[in-house]
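J.: Here is what each chain is made of, one letter per residue.
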Amino acid sequence: MKTIVVAAIAGLAVALTSVAYAQDADPLASDDSKARGYAVAERSDKTDAGYGSSSVNLTMTLTDPRGRETVRELQIDTLEKQGEGNGDWSLTRFFSPPDVEGTVFLSQARLLDDDNQWLYLPGLRRVKRISSSNKSGPFLGSEFAYEDLTASEIGKYDYVYLGRETLDDGTEVDKVECTPRYARSGYTKLHCYFDTEVFQARRFEFFDRGGNLFKTLELEDYRQYPNGYWRAHRQVMQNRLTGKSTTLSFGDFDFDVDLNRRDFEPSALDRF
Amino acid sequence: MSKPSFSDTAGRGLARFSIAARFLLVPIVAALCVAAGYNASKLDFAGDYRVFFGPNNPDLIAAKNAEDTFGKADNIAFVIIPKSGSVYTRRTLSAVHTLTNQGWTLPYVTRVESLTNFQNTIGRDDDLIVEDLVFDPTELTEARLNEIRAIAESEPLIDGFIVSRGGDATVVNVTVQFPSDVPNVNTIAQNQARALRDDLMADYPDLDVHIIGAASLAAAFEESGLKDTTTLIPALYAIVLIAVLIVLRSFSAMIAVLLVIALSTMVGVGFGGFTGIELTPISVSAPTIILTIAVADAIHIIASIRSKMRAGANKRDAIIDATALNFAPVSITSLTTVAGFLTLNFSDSPTFHDLGNMTAVGIAAAWALSLTFLPAVLAILPMKFKAKAMANDAAPTGVTAVVANAVIAQPWAFALATSALCVALAVFIPKIEINDQWTRYFDERVEFRQAIDASRPYFGSDIIEMVVDPGAPGAVAEPEFLTTVEAFTAWLRTRESDIAHVFSLTDIIKRLNKNLNGDDPTFYAIPDDRTLASQYLLVYELSLPYGLDLNNRVDIDRQSTRVTVTTQDITTNEIRALVADAKTWFAENGNGYALDVTGSNVLFAFAAQRNLEAVAQGAIYLLIAILVILALTFRSIPVGLVSLVPNILPILAAFGAWAILVGVVGFSIAAVGAVAVGLVVDDTVHFLSKYFRARRIDGKSAEEAIRYAFATAGQAIMLTTFILAAGFSVLVGSTFKLNADLGLLTAIAIVLALIIDFTLLPAMLLIAGRKRSARTSGELSPQGQPS
Numbered sequence: 000m001k002t003i004v005v006a007a008i009a010g011l012a013v014a015l016t017s018v019a020y021a022q023d024a025d026p027l028a029s030d031d032s033k034a035r036g037y038a039v040a041e042r043s044d045k046t047d048a049g050y051g052s053s054s055v056n057l058t059m060t061l062t063d064p065r066g067r068e069t070v071r072e073l074q075i076d077t078l079e080k081q082g083e084g085n086g087d088w089s090l091t092r093f094f095s096p097p098d099v100e101g102t103v104f105l106s107q108a109r110l111l112d113d114d115n116q117w118l119y120l121p122g123l124r125r126v127k128r129i130s131s132s133n134k135s136g137p138f139l140g141s142e143f144a145y146e147d148l149t150a151s152e153i154g155k156y157d158y159v160y161l162g163r164e165t166l167d168d169g170t171e172v173d174k175v176e177c178t179p180r181y182a183r184s185g186y187t188k189l190h191c192y193f194d195t196e197v198f199q200a201r202r203f204e205f206f207d208r209g210g211n212l213f214k215t216l217e218l219e220d221y222r223q224y225p226n227g228y229w230r231a232h233r234q235v236m237q238n239r240l241t242g243k244s245t246t247l248s249f250g251d252f253d254f255d256v257d258l259n260r261r262d263f264e265p266s267a268l269d270r271f
Numbered sequence: 000m001s002k003p004s005f006s007d008t009a010g011r012g013l014a015r016f017s018i019a020a021r022f023l024l025v026p027i028v029a030a031l032c033v034a035a036g037y038n039a040s041k042l043d044f045a046g047d048y049r050v051f052f053g054p055n056n057p058d059l060i061a062a063k064n065a066e067d068t069f070g071k072a073d074n075i076a077f078v079i080i081p082k083s084g085s086v087y088t089r090r091t092l093s094a095v096h097t098l099t100n101q102g103w104t105l106p107y108v109t110r111v112e113s114l115t116n117f118q119n120t121i122g123r124d125d126d127l128i129v130e131d132l133v134f135d136p137t138e139l140t141e142a143r144l145n146e147i148r149a150i151a152e153s154e155p156l157i158d159g160f161i162v163s164r165g166g167d168a169t170v171v172n173v174t175v176q177f178p179s180d181v182p183n184v185n186t187i188a189q190n191q192a193r194a195l196r197d198d199l200m201a202d203y204p205d206l207d208v209h210i211i212g213a214a215s216l217a218a219a220f221e222e223s224g225l226k227d228t229t230t231l232i233p234a235l236y237a238i239v240l241i242a243v244l245i246v247l248r249s250f251s252a253m254i255a256v257l258l259v260i261a262l263s264t265m266v267g268v269g270f271g272g273f274t275g276i277e278l279t280p281i282s283v284s285a286p287t288i289i290l291t292i293a294v295a296d297a298i299h300i301i302a303s304i305r306s307k308m309r310a311g312a313n314k315r316d317a318i319i320d321a322t323a324l325n326f327a328p329v330s331i332t333s334l335t336t337v338a339g340f341l342t343l344n345f346s347d348s349p350t351f352h353d354l355g356n357m358t359a360v361g362i363a364a365a366w367a368l369s370l371t372f373l374p375a376v377l378a379i380l381p382m383k384f385k386a387k388a389m390a391n392d393a394a395p396t397g398v399t400a401v402v403a404n405a406v407i408a409q410p411w412a413f414a415l416a417t418s419a420l421c422v423a424l425a426v427f428i429p430k431i432e433i434n435d436q437w438t439r440y441f442d443e444r445v446e447f448r449q450a451i452d453a454s455r456p457y458f459g460s461d462i463i464e465m466v467v468d469p470g471a472p473g474a475v476a477e478p479e480f481l482t483t484v485e486a487f488t489a490w491l492r493t494r495e496s497d498i499a500h501v502f503s504l505t506d507i508i509k510r511l512n513k514n515l516n517g518d519d520p521t522f523y524a525i526p527d528d529r530t531l532a533s534q535y536l537l538v539y540e541l542s543l544p545y546g547l548d549l550n551n552r553v554d555i556d557r558q559s560t561r562v563t564v565t566t567q568d569i570t571t572n573e574i575r576a577l578v579a580d581a582k583t584w585f586a587e588n589g590n591g592y593a594l595d596v597t598g599s600n601v602l603f604a605f606a607a608q609r610n611l612e613a614v615a616q617g618a619i620y621l622l623i624a625i626l627v628i629l630a631l632t633f634r635s636i637p638v639g640l641v642s643l644v645p646n647i648l649p650i651l652a653a654f655g656a657w658a659i660l661v662g663v664v665g666f667s668i669a670a671v672g673a674v675a676v677g678l679v680v681d682d683t684v685h686f687l688s689k690y691f692r693a694r695r696i697d698g699k700s701a702e703e704a705i706r707y708a709f710a711t712a713g714q715a716i717m718l719t720t721f722i723l724a725a726g727f728s729v730l731v732g733s734t735f736k737l738n739a740d741l742g743l744l745t746a747i748a749i750v751l752a753l754i755i756d757f758t759l760l761p762a763m764l765l766i767a768g769r770k771r772s773a774r775t776s777g778e779l780s781p782q783g784q785p786s
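Protein chains in written order, with numbering that gives the first Met the number 0: chain A, 0 to 271; chain B, 0 to 786.
No wet-lab data here; the hints were simulated from the structure.
Every residue gets a Cβ at the ideal spot worked out from N, C-alpha and C, and that includes glycine.
Incorrect hints may appear among the rest.
One side of the interface only, derived from the structure: several residues of chain B facing chain A at Cβ under 8 Å [claimed, not checked]:
#, residue
1, Thr68
2, Gly70
3, Thr104
4, Thr109
5, Leu127
6, Ile128
7, Val538
8, Tyr545
9, Asn572
Across the chosen pairs, the derived CB separations fall in these ranges [what the hints assert, rightly or not]:
#, chain 1, residue 1, chain 2, residue 2, range
10, B, Asp580, A, Arg65, 48 to 58 Å
11, A, Arg222, B, Asp125, 38 to 48 Å
12, A, Arg67, B, Thr140, 43 to 53 Å
13, A, Thr178, B, Val33, 43 to 53 Å
14, B, Ala194, A, Ala182, 17 to 27 Å
15, B, Ile150, A, Ala182, 18 to 28 Å
16, A, Thr178, B, Tyr523, 53 to 63 Å
17, B, Thr274, A, Glu196, 43 to 53 Å
18, B, Gln191, A, Thr178, 21 to 31 Å
19, B, Asp580, A, Arg67, 26 to 36 Å
20, A, Glu83, B, Asp125, 23 to 33 Å
If we take Cβ atoms under 8 Å as the criterion, some of the chain A residues that face chain B in the derived model are [as the list claims (entries may be wrong)]:
#, residue
21, Arg42
22, Leu61
23, Ile129
24, Ser132
25, Ser135
26, Gly136
27, Pro137
Build out the structure end to end from the sequences listed, making use of the hints.
T.: Written out as structure tokens, the structure is:
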């Protein structure tokens, strides 16, 4: 997965790609806005296919309307998606605040269903399975929902191409409307902006269930790693209703980390 | 007679100029006023009851702090009352489920909470199941309904809060976060909420659905203010114009009065638009007040013209004479009234500043228009008053003659009787109870009030937030702190007479402790380890879906939490007592943690005090200003001092009468003093100026001067009193109690002022005049004259 990068979108099956190729016209220039929207998202998604696994440390800074800040530190390990209907699997380790140090959160994402989730609580020395439809809830009191943080597989949304725009910093982007297919999403739609050069997501605008724009996510400081994959190292989520914001600052992504499925099983959680 | 005074010369000059230039002046002045009035189109109703509170109001600051930390608490709450008497039926729960989903379509919604989406937590072995209490209402069996009822009744965060204690009503609570830059957002949201309610009631005719909540309150403020402007103001115009027509029997005079009041109002309200204020039901009464005062100015001049014409003068001379005669009193009364309204700036409440400033500008415009525009218009319009053979402008006629004769015959009797009456009324002032229960600001015709009344038997009334802060990041999870909050919550819950429900984090923590220990009931307690409590909160947070998170309960630093108290329907006195008791309890048992108490009703509970203190200070400055103005005008400090008596007494007596008749006031009372003083001074100044004109210029005796004052000013004073009292009585028709109170109380004060100015004032002048003429040729009848 592209950890944390919202609609950055892991690769789709080759079969789908060949279907697209089988069509006459280039879908990226199609007059059909659905086909074109899908094609733009897919192009971005493919830039991330095959990365395998990664590990990254990040700092989450929460800011309230008066500018008071609070910081949480985490590490996220990710294993690229495991099979049809599934998203990426991720392990989130909490380092701070100190009271929750040692807590580990395991999520096996599913595209259109509630994720499978477990939490290791060092205070209880127990692994607890969480059964809930919490993907849309705020993560750690931040402005990020868990669904914003996790892999945005191409199958999670329906797409409509909206047009080409230029961001304030001069980046040329394709604007796509992404409608969540997960019934209990907190959003009715997103506006997703993919740059036209390296096809990465630059901005997301989130619309609430009343159809109003209420959150904006900016993805900044993109760096390309030697294996060719792009990662944003700074993500800023602004809540327009509450005036709160959350900034994620990422360290270097480690793609060489040796992770496999066994590391993402609940029984592995208390090993940390 | 004697040398012309400055005021005489100025009045005469203004009138001559205005009449000569009438065909230019009238259209130009009218166009200027209309242009100024165009700014009024920028006015919008404030979407926020917080506009009633000043930026430095400590209660407002506390409320804003809490908002920044936990989010705004503005809500739209649907109260659902099933006619079957039970919430726990498949049908009612289906309706709740539907409304819960639809609540998300309201604008700027951040949370929707109801019985169906209550996040029920279950601990089963090592699973923590967090799910909607009612996920699919179509699948509800009888057994499941009973189970839901059992869960709801044993859950302190549902029982008495989301479902009434009897299980006979339930709430769908929608939290909204309105941006401040969207005009009329409350009304827009309220109308959408009404549409949801109507749809639901069409599908479920067996349910009663009412809409309450802070956003609905704000919408009621908007709608009430709008209603006043669309119903009361036209009614007021009609009453005033009919009264003018009846009394002056001149269609032209009515047209002239209409033009003066309309243009003055445009200037005053346009000024409000120009300075970018937001209207509230308080400041929206500015046009009403401007109108009544503009009428008074115009009436005094037209009444003088009439008496001059009846005495045989031609129209042009009558207009010039009348303008000259009234230049000084109209200027002085305008000045004092403007001063009166400007003292509203001493109020804590910005909306009172707006009211005062708009009205002050409008009155200044009325002054200028009456002395220039009015003579010009009257010179253009045809106007006839038949000369009457017996007309004599030195002798009063009708009611004023009877009063004048009686007072001259028995000055001591009238002085004592009127003073006694005023004192007898004033002693009741301490009996006035101040109550700013905002739900009572609206009368029973208002939908919001009906909704509040309907939900009162089932749910508490207002929300008070008790923000508790242990002082260090993360310390919310400290066992010592949680135990303190638990004890505080328990103490609050013992106060059943004034508290309906208490929502506390400790209930969540205790439930989680139980759930994460396999639902073992012995773990329903505060965990004794801080890290454990923190980790429980983390689990819980990671489990909650969109719109049901803990961010409104615990701050991002884990440093503070709020205990939400829903009060019974109690008065602001009782709220203040509750706040004081809570602070005392916390000071004794709160382990030194900080406690902040806030909430809209807490703001209103202290609003009267804060406004009264500020306005009392303003009133003192106002009295000094009036004293100085009058002493300068009549060139005599004793006269200035004496004239304060008839200005203060009617207001004291009016408050006394109010104590007997009504007994309860809201914080709008702060405005009454200032508004009434300005108006009451009008009468005194007109009477005194005519009296001293007779004594000082014409060298008349005290008796003759009293007769002259009654003859020249008496009728105009009666007429303006009648018109002003009628005008302010129109405000009584407001659905907004603060305005209705303001209107009635001011009307009482004006009528009392008339009585005092017709009895006590002449009696005092007579007694003083006789004493002084008994001694040499007293200081009260010297060289000067009003200037």
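J.: Can you name, in rising order, the numbers of the hints this structure does not satisfy?
T.: 9, 10, 16, 21
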